[in-house]
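Q: Chain by chain, the residues run as shown.
There are 2 protein chains.
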Amino acid sequence: MKILPWMIEISDCGADSREFRESIFSLGNGYMGTRGFRPEEPGAHSAWRSTFISGFFEYIRPGITDMVNQPDFSAAEIRIAGRPVTELPLSDFRQRLYMDCGLAEWEYTAQAEGAAVRIKVEKFLSMSERHTAAMRFTLTPVNSAVDCSVAVGLDGAVRNLPIADNQLQENTEFARIWGEVRTEPLEGGGMLRARTHVSGRATAMCFSAQGRGHERSSRELDGEYVGSRFEARLEPGRRLTVEKLVSVACFRDGPEPERLACEALKRAAARGFEGLLEDTQLAWSELWQDMDIELTGSAEWQGALRYNIFQLIQSTPEGDGRASIGARGLTHGRYKGCYFWDTEIFMLPMFSCMRPAAARSLLEYRYHTLDDAVKSAAGFSAKGARYSWMSADTGFEQCETWDTGCCEIHITADIAYAIGSYFEQTGDEAFLRDCGCEILIQTARYWTDRFNYCPAEDRYHLLFVKGPDEYCGVTSDDFYSVRMAAHNLRLAARAVGFLQERFPEKLAELGLKLGLGADEPGKWLELAGKTCERFDEERGLWLQDATFEYLEPLDIAAHKTGNLPLYRSISFDRLQRYKVLKQPAVLMYMALRPGEFSQDELRAAWDYYEPRTLHDSTLSYGIHALLAARLGLGDAAVSYFEKSLFLDLRDVMSSTGREGIHAASLGATWQAVVFGFCGLTLRDGVPACEPRLPPHIGSVRFHVRARGRRYRIELSHFGSVITEICEL
Amino acid sequence: MKILPWMIEISDCGADSREFRESIFSLGNGYMGTRGFRPEEPGAHSAWRSTFISGFFEYIRPGITDMVNQPDFSAAEIRIAGRPVTELPLSDFRQRLYMDCGLAEWEYTAQAEGAAVRIKVEKFLSMSERHTAAMRFTLTPVNSAVDCSVAVGLDGAVRNLPIADNQLQENTEFARIWGEVRTEPLEGGGMLRARTHVSGRATAMCFSAQGRGHERSSRELDGEYVGSRFEARLEPGRRLTVEKLVSVACFRDGPEPERLACEALKRAAARGFEGLLEDTQLAWSELWQDMDIELTGSAEWQGALRYNIFQLIQSTPEGDGRASIGARGLTHGRYKGCYFWDTEIFMLPMFSCMRPAAARSLLEYRYHTLDDAVKSAAGFSAKGARYSWMSADTGFEQCETWDTGCCEIHITADIAYAIGSYFEQTGDEAFLRDCGCEILIQTARYWTDRFNYCPAEDRYHLLFVKGPDEYCGVTSDDFYSVRMAAHNLRLAARAVGFLQERFPEKLAELGLKLGLGADEPGKWLELAGKTCERFDEERGLWLQDATFEYLEPLDIAAHKTGNLPLYRSISFDRLQRYKVLKQPAVLMYMALRPGEFSQDELRAAWDYYEPRTLHDSTLSYGIHALLAARLGLGDAAVSYFEKSLFLDLRDVMSSTGREGIHAASLGATWQAVVFGFCGLTLRDGVPACEPRLPPHIGSVRFHVRARGRRYRIELSHFGSVITEICEL
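First to last, the protein sequences are chains A and B. Note that the numbering used here has the first sequence beginning at 1, numbered continuously upward. Note that the numbering used here has the second sequence beginning at 1, numbered continuously upward.
All clues stand as given, with none of them false.
Only part of the chain B face toward chain A is listed, based on derived beta-carbon distances under 8 Å:
1) G379
2) F380
3) S381
4) A382
5) T401
6) N452
7) G473
8) V474
9) R574
10) Q576
Taking lysine-lysine and the DSS-like style, the derived pairs with C-alpha atoms no more than 30 Å apart in a straight line are:
11) A:K383 / B:K579
12) A:K375 / B:K560
13) A:K579 / B:K530
14) A:K560 / B:K383
15) B:K383 / A:K579
16) A:K530 / A:K383
17) A:K375 / B:K579
18) A:K523 / B:K579
19) B:K560 / A:K383
20) A:K560 / B:K375
21) A:K523 / B:K560
Note that these hints are calculated values from the structure, not bench results. Ideal placement from N, C-alpha and C gives every residue a C-beta, glycine not left out.
Using the sequences and the hints given, assemble the complete structure.
A: Below you can see the structure in the form of structure tokens.
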């Protein structure tokens, strides 16, 4: 694999790397995404040729949804001398992803009956017309005349492969999500309409296909498939080109998805493949103006960093407050497409700093599901709002493993934390007033019911809880959860103060709506001040929880080889009793709120927990890189950073093919660069930097926004220059 | 409901009580069981007309089985004037269960077109020919001539209603277990052969029907149904009688279930309904000679106590070491028919004392599944054997809720305890040598891997564990689990000593098979001596676990009304943080091993835990009755005893209809009488009694066996008489 500043290239087309390539070359435009399979290569299972629409879920069991695999709008077939290219020997294979414009491109030579044909396939999802995708197939015989054909169409015979939450369970069951699927030819193309079986959720897709250099064209209609075929006997040097434009709309877009799809196709047809690509390039260049990070020193680091940002942008439903970013974005159905704390803690900071509108719409999703969180809390016999560990189009729990879904409750505080950080960065008072304060108040109320008061100690305990270190069992007083909950409680009290000062009429309204007691903020602060965190004075060490110190030491080197997670060789029941961490816990909190700790405390925690951390979660490397950079541990910072930076590109966890792109790691990589190496902070609302650049980096340039202003940040090993940019 | 010494009678036939009656009148003979539905009354769902074969399970998901609802051999239809009796008004309804012979009998008058017909239906499962069941239908017009018909047959159109482990989840999904079902008429009856869909497990059923007083008879064959119909126009006083004999065999009985069923039917036909009933009565009388408890003072208590014993006998697969007793016996599919600690801790003592052969075959089931328990331990990265919380025809975990299946690990020690107690009672050295010792050794090994050593304290902690009080969350050092595990470890060390002394060649063989280290018994004893139980010196109180004292007090009276479990109104997440118990935990251990505690400790534990116990498990009442009797708390003993004694008969938990007969409670009732009121213990292998009879009881008479001898026990308020009985 070549990683260039704006391009990723692979020359291997072996079957072994197929799933990996399909993940790496995933395309998305926030509205929809497709895995990076070659359109003309049929999948062994239609479930693995996945096409997703952001926020489009459907029930597969009572209460449990899956992200829906949409009808396959990439469907295509290329034949040389009557044989599908997938059966022919290929040579000179080259697959490229252009990150400046979101274009994926495949080029190869196929041989049949002595004839060699050079084939080029291009595909992109439009960033300017988000309901639109485009493909182009170009066939050029190299040495002798040969019969060629290209068929393109829409294929509704797709299935879902719902994946169990349990990481060790094999995926064997397919779900047929779609009920009625209807196809019909249209002038120059075709249309597909489908409705899901359970809820009747509609998708409509149109395509038009235009050939050049063909002798015959025909329509194909077969059950759930509609397509067009172009055929010619081509002389060497002559060319057959087929352009396919696709439009997609669904029930989420309004009551008439068919009309929307037809209109989108008309607009797309008016621009054509080249015109659409130009528009997309322009849209991407605007995104990159906000979100690019230029760095000198290593072209590979530069390209990989852009890849991290690129994939995060592709999966982000900016402007759609009813969806968020799945743990694998729109690149795979793993975790049923659900949204986790990954969004708020790992991905959101990039958007808050560089693209506040996108950050806001991600947080609006949590406001959109606040009512569900209130109902969820009631289901747990608690007041206030309790966010689910995994949520989808509703806020109701999608996690089906008990210890995680019931006990990993810190996500509620994580969302509150994210609101606080977003506001700190952006100063977006309107969001805080209209959405944020209500979330903060309702989540604080949940915590008052979730802690247990111990009169003997005059302290509140957090019992039966699981922290972010998922190798620890269900325990008490998990440091991360307790501190985050306390922060949530304090944020809520400040939110009430903020409304009182700035928007008293809004406070009056909320007070009525929520039946807010005058004494509640005082109670939140009292609880926040009397939680139980354990500090070992002798070692100057913050302890992870009530049980960690009782766990058995493990000789990690003897058990863990490579980066393969230990949960694949040791059962969870045993792992929870070893003194090892899957991912940072105390250190995670310290990464988020370093100001609460002395340098000695940070260092003591690093020295104790880091050697015991297995990094068996992809959420681990980037955060360790960030902390190592802050602690001035240059070598460790680089070593962790490279694992995060290349996590998917180098398939560090051996799961990128099988599971898709790890979205949280993309965001953690960004944080390691910006918060770690560049040391970006806000001082009185103005960006400041404390550069700790590794030797691999010469200089860094990027833009951030803070409190409505825009700044250019330029750093080198000798300091930083921060310039405010006037925007009109 | 009338509860007479040998008979239960109900005169109500309302729809509301239908499920309840169907549970109460359940019939079984150890080989098979049917719910007590009226044969001629069709169910709304065939899944509720359940017929089970002990140990007959089939997969409904990968790794998860359900107890299979067999083809319905009770199928019948009665028509009066052309209309099914189920559509007619009924009067003078009377339903009886005769416990001396296992006969269920329904009598009622049905009215149609001015004609009244007296109908009597009798049904029993043969106790002497366990593959056989018999039914008799008798119709007698009372006032005028009328057309009558009786159809009887075998119906393969049955479904399973697999019930989620989660007690709050509604049962909505049906599973069709059966693949191919074939029916064919035979001379005078018919045959049904069915194979399960997944594993091809076969069942074969034959029936023969004989009418008296009919004018016409005909065969009926319709898909999965085969039957015979008898019709007549009956004058008042004339009678139509149809006798139906059924035989059942399945893959568990050998390779040719069809042949077995045919042969069983031939034998049954030779005896006829009356002959079979005589044989069954004789077989029951032999069982009652072993297991009856006669008491004077209350006919209702006498009848109810017999009912408890009767239902336990009916569900027990005596002589079949590949099956055990499900939590609801053979009376309902709840908990997928699985076997729990309920068998060893609650039910086994009755058999150990009164019917050692049955006790032995129940324990043999655990030996039969020992290999699976070893594989399960390996799956949890532990050595030795780990028994599953719920098991079926294999020993692999059937529990699908994480906190219970993964954390409620005391069952492994419970099985070891049961082996120890069985041997103590029976002196069965052959069992200990051939099965028991290997189980004890392998389970002890599991514990050495499950405890965590804390060097600072030189103690072993049991982390992330759930005790028998299922309202407590996942915690550490649960008293019951720790003490039972220590007992298991000590029993294993004693087992090695036993073999060394009595069967050194068997020890040599086991040592080779298991790779037993010479130092292992020493390690077991060391661990057993260094576990962590918490004793509060000030209160003289054994504490439940590491978290119980941090829980929030609950005003039980304000929350709990009646006997309905609190988990129906408060979520588990909240309940686990209240200082309440679902069922005894510390007290449970004290009930099993009272000799380890001073009277003060027993009393302190009672005074602390009993008022905080919600009895939301049916395992609770009988054990509290037993303890109260031991503590001399007469009123409490009677009050708890009545709840246990009448648990199903009076539907104390409002779940008998929906869930079936609570088998553990049957056994706990027996223990409350024999160990509680009668104070039976063994002294140097000889029974001794310390009667603490409540005023409701005048005297008690029963037989027990100990160390191969048989004793008659007679008690009154003035002492006990124990007589050894010579057996030839």
